[in-house]
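Okay, so the sequence shown: first residue is 378 according to this note's numbering, each after it adds one.
Please note that a few of the clues may not be correct.
In the BS3-like style, the derived pairs of lysine-lysine whose C-alpha atoms are separated by at most 25 Å in a straight line are [stated by the list, open to error]:
#1 K609 to K545
#2 K623 to K639
#3 K652 to K599
Bear in mind the hints are in silico, worked out from the structure with no lab data behind them. It should be emphasised that the depicted structure is a prediction, and the values quoted were computed from it without experimental measurement.
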Amino acid sequence: MKSQANFSLKSCNSFSFESVTSCIYFPESLDDLRQLSSLTNEPFYILGEGSNTLFLAEKAPVIIQPKFMGTSVDECDDAYLVSAGSAENWHQLVTYCVQKGYAGLENLALIPGSVGAAPIQNIGAYGVELSDVIEHVNWYEFATQTLHQLSHEQCQFGYRDSVFKREKRDKGIITQVCLKLPKAWQANISYQGLDSLSAEATPEQVYQRVIEVRQAKLPDPKVKPNAGSFFKNPVVSQQTYQQLVKHYPTMPAYQQSTTQVKLAAGWLIEQAGLKGIKQNGVGVHDKQALVLVNHGEGTGAAIYELARNINQQVFSKFGVSLQPEVRIVSASGLIIKDGFNG
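From just these sequences and the hints, can you work out the full model?
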């Protein structure tokens, strides 16, 4: 198995923060994965493309970066089954499917990261979540050295959540993802920004419009290092929402069920007067308050402190806590916290 000691991760995280791991491993076969079993007794972190990772310090834990590649398509009566290795680039897979006429992923265009990271986070955008099209996930379990095929139900998807962030966290590696893209397709253009398209819009048109909207809103990480949306959109009770909307009648909200409502984290941050602020070499993007950026001289610790301050001020104004969407990594591995409390 390929590996490298004292490896700089600066080019492996989209915040472009310097962090060094004592060793990084690049498994690309089941034999390689079997060799990793002895490593899981020490702090480690499984890294995709680093587009959703914040390294807090200059020292990182042992890194495992899977390199499973390849894409294949099987056709059945009512759908196309698209299988892709976990190291494939997500946007390139979306582009491939749109070009080949396999519709269903176009709303998820230009989301950075790898295919293997997508189900962990249950990525979503513009009214579509990955869980809408997942057929199954191939997952290698360290303890049993066994490759499992996990069904959609076994993945236990939720809003930016899955079993891979809970019971199966750090217990294995996703090697391949299989997507079921129905032949009976209808454009999903209900989300703001896409509603200018006609009901007869093609997958290609939806794909191009999504790219235009994302590029207009979100900074290019190569120009302004960032990890996209830093915070999840908070989900509150219907009662909490009713209390808030009395004071803030223009507050954007999305009904999730009869008892829960999703709020727009970016709107909350902007209303707290934090859009565009800068401190300690980092800041809040001036066009999209959900995005925290490295202005070139910042650190992971500075981003984390900024995020904590944002959460405190939003909670002070609205009584709503924000939770990070970005995965936060210290020298001891992934930090799991409920918001920024404690």
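Consistency of the hints with the structure:
1. K609 to K545: holds, 21 Å
2. K623 to K639: Since the Cα atoms of K623 and K639 sit roughly 16 Å apart, the hinted pair holds (cutoff 25 Å).
3. K652 to K599: Given that 25 Å is the threshold and the Cα spacing comes to 21 Å, the pair holds.
Comparing the model with each earlier hint shows no violations; every hint is respected.
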